[in-house]
Amino acid sequence: MEQLIQLNDIRKTYTIGGVTIDALAGVSLDIGEKEFVAIMGPSGSGKSTLMHILGCLDSPTSGKYLLKGKDVSSLKTDELAAVRNRDMGFVFQAYNLLPQMTALENVMLPHSYADQRMRAQEVRTRALELLERLGLKERMNNRPVEMSGGEQQRVAIARALMMDPSIILADEPTGNLNSKGAREILDVFKELHNEGKTIIYVTHDDNIGAQAERVIRIRDGLVVADEGD
Amino acid sequence: MDVRDSFKNATRAILAAKMRSFLTMLGIIIGIAAVIVLMAMGEGSKQDILAQIQGSGSGNLYLTPGAQSSILSGGNAGTRAAGAKITMDDIKAIEAKVTYPIVVSPANTMGITIKRGNTTMAGSGVFATETYFEVNNIALAGGRFLLPSDVSNRTRNVVIGANVGSTLFPDVSPIGQLIRINGMSFKVVGVAVSKGQSLLGNSDNTVILPLTVGEKSFGMQHDRISMTTIKCVNPDDSEEIVSQITGILERKHREVDFSILDQKALTTLFSSVMNIFTTFLAAIGAVSLLVGGIGIMNIMLVSVTERTREIGIRKALGAKERDILSQFLIESSLLSGAGGIIGVVSSVAVAYLIIERFIPVYITTSSILLAVGFSIAVGIFFGVYPARKAARLVPVEALRYE
Numbered sequence: 307m308e309q310l311i312q313l314n315d316i317r318k319t320y321t322i323g324g325v326t327i328d329a330l331a332g333v334s335l336d337i338g339e340k341e342f343v344a345i346m347g348p349s350g351s352g353k354s355t356l357m358h359i360l361g362c363l364d365s366p367t368s369g370k371y372l373l374k375g376k377d378v379s380s381l382k383t384d385e386l387a388a389v390r391n392r393d394m395g396f397v398f399q400a401y402n403l404l405p406q407m408t409a410l411e412n413v414m415l416p417h418s419y420a421d422q423r424m425r426a427q428e429v430r431t432r433a434l435e436l437l438e439r440l441g442l443k444e445r446m447n448n449r450p451v452e453m454s455g456g457e458q459q460r461v462a463i464a465r466a467l468m469m470d471p472s473i474i475l476a477d478e479p480t481g482n483l484n485s486k487g488a489r490e491i492l493d494v495f496k497e498l499h500n501e502g503k504t505i506i507y508v509t510h511d512d513n514i515g516a517q518a519e520r521v522i523r524i525r526d527g528l529v530v531a532d533e534g535d
Numbered sequence: 007m008d009v010r011d012s013f014k015n016a017t018r019a020i021l022a023a024k025m026r027s028f029l030t031m032l033g034i035i036i037g038i039a040a041v042i043v044l045m046a047m048g049e050g051s052k053q054d055i056l057a058q059i060q061g062s063g064s065g066n067l068y069l070t071p072g073a074q075s076s077i078l079s080g081g082n083a084g085t086r087a088a089g090a091k092i093t094m095d096d097i098k099a100i101e102a103k104v105t106y107p108i109v110v111s112p113a114n115t116m117g118i119t120i121k122r123g124n125t126t127m128a129g130s131g132v133f134a135t136e137t138y139f140e141v142n143n144i145a146l147a148g149g150r151f152l153l154p155s156d157v158s159n160r161t162r163n164v165v166i167g168a169n170v171g172s173t174l175f176p177d178v179s180p181i182g183q184l185i186r187i188n189g190m191s192f193k194v195v196g197v198a199v200s201k202g203q204s205l206l207g208n209s210d211n212t213v214i215l216p217l218t219v220g221e222k223s224f225g226m227q228h229d230r231i232s233m234t235t236i237k238c239v240n241p242d243d244s245e246e247i248v249s250q251i252t253g254i255l256e257r258k259h260r261e262v263d264f265s266i267l268d269q270k271a272l273t274t275l276f277s278s279v280m281n282i283f284t285t286f287l288a289a290i291g292a293v294s295l296l297v298g299g300i301g302i303m304n305i306m307l308v309s310v311t312e313r314t315r316e317i318g319i320r321k322a323l324g325a326k327e328r329d330i331l332s333q334f335l336i337e338s339s340l341l342s343g344a345g346g347i348i349g350v351v352s353s354v355a356v357a358y359l360i361i362e363r364f365i366p367v368y369i370t371t372s373s374i375l376l377a378v379g380f381s382i383a384v385g386i387f388f389g390v391y392p393a394r395k396a397a398r399l400v401p402v403e404a405l406r407y408e
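Taken in sequence, the protein lines are chains H and R. Here the working numbering is used: the first residue of the first sequence is 307, the next is one more, and so on. Here the working numbering is used: the first residue of the second sequence is 7, the next is one more, and so on.
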């Protein structure tokens, strides 16, 4: 399998009040295309830091990160922004929709920052298709406060899919949802995985983690287990 | 992000906090209004003074005896050298030898008491010739001007100013009536149209008498002209005419014991003085605009802090530094630009509805353009720091912000 993501001895060190903390103490792993991966670990294990580095939201202190064979650990901030826009779709625990915008506007937002522009009508059509697919077409003009948690998270998934990225990164995507909402989100992930997207999500919940085809366990900034189905 | 989206975002952010946006704008509104109103007051006073100078006859030269000009004291200044004098002979020489078209009006003035029946008033007597009216742009409300024959025959005919007429003759036409000036009887042949207050005094309280009467009946010195006004038919000739008159009189007197004041020079002088005054006023207004700008910076900094998470989300979705920078810059310049426009509208209203009752105002297009341009510049200038702060946030830290 071709390697989509290659991490080589990634370290991330924070200094807080003169104390140095190794959030990641040398992580090396490969993730191939079309994988369905759960990153698991207790809180403070470094799984969120790993997720942020995978998503190019944060840069490692040292180590090498190859994305599609290209070294992204040395990219400038604006180049990283372009990578996030094009290759990554983010789903957060707190949904992170913009409260002043409607569902439709939230879904269209990533296109505002795209290097390759579509016509306004195409953007709208695509966003509407995504909302319809996630069962939210009638919610298109609602603002986030008018929607349930599960609905907001599905809007967030639609937004993540807007630029048709190859990777979906989710940080505790079901953490704020009840079991029904969580199941819906995982069903969507499975569907996307079947369509060929690479799904990587972070969770501390064993039941949620067990849904993935591969589980990477992190403890104290190190990979302690890496098991496939 | 395209421009239309950016403006839509900015308006939405401004409208989301209406009260705060309005209070922020208020600083700019007051600043802009202060600049425009103060400049309008300066410009209005300038126009008013220039109109007064020009109202006494545009393109006029004032010839007075003595090496120092005494125009502003009405030609009676005590600074005049004792022996210096302008005579009728000088006047005739000027009329004969200047090669450009001119009209010369010799005149003397003195304070007089005017009386009719039981009404007495103080006024100023101008002893002049028939040319006085043309040179000083005096129009008649009724009757006739003084004639050359009035001057040569020393006839006791007078033309009275508008205020003299209305004071002494509240209910009858003054034409043909007799008045007493310093105890002597004169016949009113004409009434001038009101000219109001001018830089050279109030001509409405004036009585114009034949030049020759002054010497005969008012004890004025023989053949002395204290103030000669020369009208240049083409104002552009004034510099040439000044040098010709200077040459003529210098040859006759063998010294420069006279002075000539060019009204154009006076206009230029007053203009530049008033421009300094206007600039000074505008600078005072600009200080309040500056304070308004700091208000914008303050509120934009608050806004950046409040929206740290939004910035983080936008960055996660691929917003580049310049996207965030322009988002906040557009917002701050929209705030200040809108404040500027409201400021212009309210300053025009304040200037013409209220201030114009007390002092003259004149709003120039350039002051409006300056004010609006300056307000947008203030928005950008004071918006740059908060916007850069927002643009440089690290995405992961911004996302973590609660």
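I should point out that these hints are in silico values taken from the structure, not numbers from a laboratory. Fair warning: this is a prediction, and the values are worked out from it, not measured in the lab. Take these hints with a grain of salt, some might be off.
To be verified - No farther apart than 25 Å at their CA atoms in a straight line, the calculated lysine to aspartate or glutamate pairs in the DMTMM-like style are these:
(1) R:395 <-> R:408
(2) H:443 <-> R:95
(3) R:14 <-> R:312
(4) H:382 <-> R:8
(5) R:98 <-> R:256
(6) H:496 <-> H:533
(7) R:14 <-> H:452
(8) H:376 <-> R:327
(9) R:258 <-> R:8
(10) H:370 <-> R:8
(11) R:91 <-> R:245
(12) R:14 <-> H:501
(13) R:14 <-> H:497
(14) R:395 <-> H:435
(15) R:121 <-> R:101
(16) R:14 <-> H:435
(17) H:374 <-> H:452
(18) H:370 <-> H:435
(19) R:98 <-> R:327
(20) R:91 <-> R:329
(21) R:103 <-> R:329
(22) R:14 <-> H:428
(23) R:103 <-> R:256
(24) H:374 <-> H:435
(25) R:121 <-> R:54
(26) H:370 <-> H:428
(27) H:486 <-> H:435
(28) R:395 <-> H:384
(29) H:486 <-> H:457
(30) R:395 <-> H:315
(31) H:382 <-> R:327
(32) R:24 <-> H:452
(33) H:443 <-> H:428
(34) R:98 <-> R:140
(35) R:14 <-> H:315
(36) H:374 <-> H:533
(37) H:340 <-> H:452
(38) H:382 <-> R:177
(39) H:443 <-> H:315
(40) H:382 <-> R:329
Structure-based check of each hint:
A distance of roughly 18 Å separates the Cα atoms of residue 395 of chain R and residue 408 of chain R; the hinted pair therefore holds under the 25 Å criterion. Pair hint residue 443 of chain H plus residue 95 of chain R does not hold up; C-alpha atoms about 104 Å apart against a cutoff of 25 Å. Taking the CA atoms of residue 14 of chain R and residue 312 of chain R, the gap is near 19 Å; set against the 25 Å cutoff, the hint holds. For the hint linking residue 382 of chain H to residue 8 of chain R, the alpha-carbon distance of about 23 Å falls within 25 Å, and the restraint holds.
As the CA atoms of residue 98 of chain R and residue 256 of chain R are separated by approximately 15 Å, the hinted pair is consistent with the 25 Å bound. Between residue 496 of chain H and residue 533 of chain H the CA atoms are separated by roughly 18 Å; this keeps the pair inside 25 Å, and the hint holds. A hinted pair counts as satisfied when its Cα atoms are at most 25 Å apart, and residue 14 of chain R with residue 452 of chain H qualifies at roughly 22 Å. With a C-alpha separation of about 22 Å, the suggested pairing of residue 376 of chain H with residue 327 of chain R holds against the 25 Å cut-off.
Between residue 258 of chain R and residue 8 of chain R the CA atoms are separated by roughly 81 Å; this puts the pair beyond 25 Å, and the hint is violated. The hinted pair formed by residue 370 of chain H and residue 8 of chain R fails the criterion: a straight-line CA distance of about 35 Å is larger than 25 Å. The straight-line distance between the Cα atoms of residue 91 of chain R and residue 245 of chain R is roughly 23 Å, inside the 25 Å bound, and the hint therefore holds. For the proposed pair residue 14 of chain R and residue 501 of chain H, the alpha carbon gap of about 36 Å is over 25 Å, so the pair is violated.
Distance hint between residue 14 of chain R and residue 497 of chain H is unfulfilled; the C-alpha atoms sit about 35 Å from each other, more than 25 Å. Between residue 395 of chain R and residue 435 of chain H, the direct Cα distance comes to roughly 37 Å. Violation of the 25 Å bound is thereby established for this hinted pair. With a C-alpha separation of about 37 Å, the suggested pair residue 121 of chain R and residue 101 of chain R falls outside the 25 Å cut-off, and the hint is violated. Restraint check for residue 14 of chain R and residue 435 of chain H: satisfied, since their Cα atoms lie roughly 24 Å apart, inside the 25 Å limit.
Annotation: proposed proximity of residue 374 of chain H to residue 452 of chain H is violated, straight-line Cα distance about 39 Å (limit 25 Å). With a C-alpha separation of about 38 Å, the suggested pairing of residue 370 of chain H with residue 435 of chain H is violated against the 25 Å cut-off. Distance hint between residue 98 of chain R and residue 327 of chain R is unfulfilled; the C-alpha atoms sit about 83 Å from each other, more than 25 Å. Restraint check for residue 91 of chain R and residue 329 of chain R: the C-alpha separation of about 80 Å exceeds 25 Å, so the hint is violated.
For the proposed pair residue 103 of chain R and residue 329 of chain R, the alpha carbon gap of about 77 Å is over 25 Å, so the pair is violated. With a C-alpha separation of about 19 Å, the suggested pairing of residue 14 of chain R with residue 428 of chain H holds against the 25 Å cut-off. For the proposed pair residue 103 of chain R and residue 256 of chain R, the alpha carbon gap of about 13 Å is at most 25 Å, so the pair holds. A threshold of 25 Å between alpha carbons decides the hint, and for residue 374 of chain H with residue 435 of chain H the separation of about 28 Å lies outside it, so the pair is violated.
In summary, the hint linking residue 121 of chain R to residue 54 of chain R is not supported, as the alpha carbons are separated by about 33 Å, beyond the 25 Å threshold. Among the hinted pairs, residue 370 of chain H with residue 428 of chain H is inconsistent with the structure: their alpha-carbon atoms are about 38 Å apart, more than 25 Å. The straight-line distance between the Cα atoms of residue 486 of chain H and residue 435 of chain H is roughly 24 Å, inside the 25 Å bound, and the hint therefore holds. Between residue 395 of chain R and residue 384 of chain H the CA atoms are separated by roughly 16 Å; this keeps the pair inside 25 Å, and the hint holds.
With a CA separation close to 12 Å, the supplied pair residue 486 of chain H and residue 457 of chain H stays within the 25 Å bound. At most 25 Å may separate the alpha-carbon atoms for a hinted pair to count; residue 395 of chain R and residue 315 of chain H exceed this at roughly 32 Å. This hinted pair checks out: residue 382 of chain H and residue 327 of chain R have alpha carbons roughly 11 Å apart, not beyond 25 Å. For the proposed pair residue 24 of chain R and residue 452 of chain H, the alpha carbon gap of about 22 Å is at most 25 Å, so the pair holds.
Our distance criterion of 25 Å between C-alpha atoms is met by residue 443 of chain H and residue 428 of chain H, whose separation comes to about 16 Å. Distance restraint check for residue 98 of chain R and residue 140 of chain R: the Cα-Cα separation of roughly 18 Å lies within the 25 Å cut-off, and the hinted pair is therefore satisfied. Taken as a hint, the residue 14 of chain R and residue 315 of chain H pair is broken in the structure, with Cα atoms around 45 Å apart against an allowance of 25 Å. Distance check on the hinted pair: residue 374 of chain H and residue 533 of chain H sit about 23 Å apart at the alpha-carbon level, within 25 Å; holds.
About 34 Å separates the Cα atoms of residue 340 of chain H and residue 452 of chain H, which puts this hinted pair outside 25 Å; it is violated. Restraint check: the Cα-Cα separation between residue 382 of chain H and residue 177 of chain R comes to about 93 Å, which exceeds 25 Å; the hinted pair is violated. A threshold of 25 Å between alpha carbons decides the hint, and for residue 443 of chain H with residue 315 of chain H the separation of about 44 Å lies outside it, so the pair is violated. For the hint linking residue 382 of chain H to residue 329 of chain R, the alpha-carbon distance of about 15 Å falls within 25 Å, and the restraint holds.
Hint compliance for this structure: hints 2, 9, 10, 12, 13, 14, 15, 17, 18, 19, 20, 21, 24, 25, 26, 30, 35, 37, 38 and 39 are broken, all remaining hints hold.
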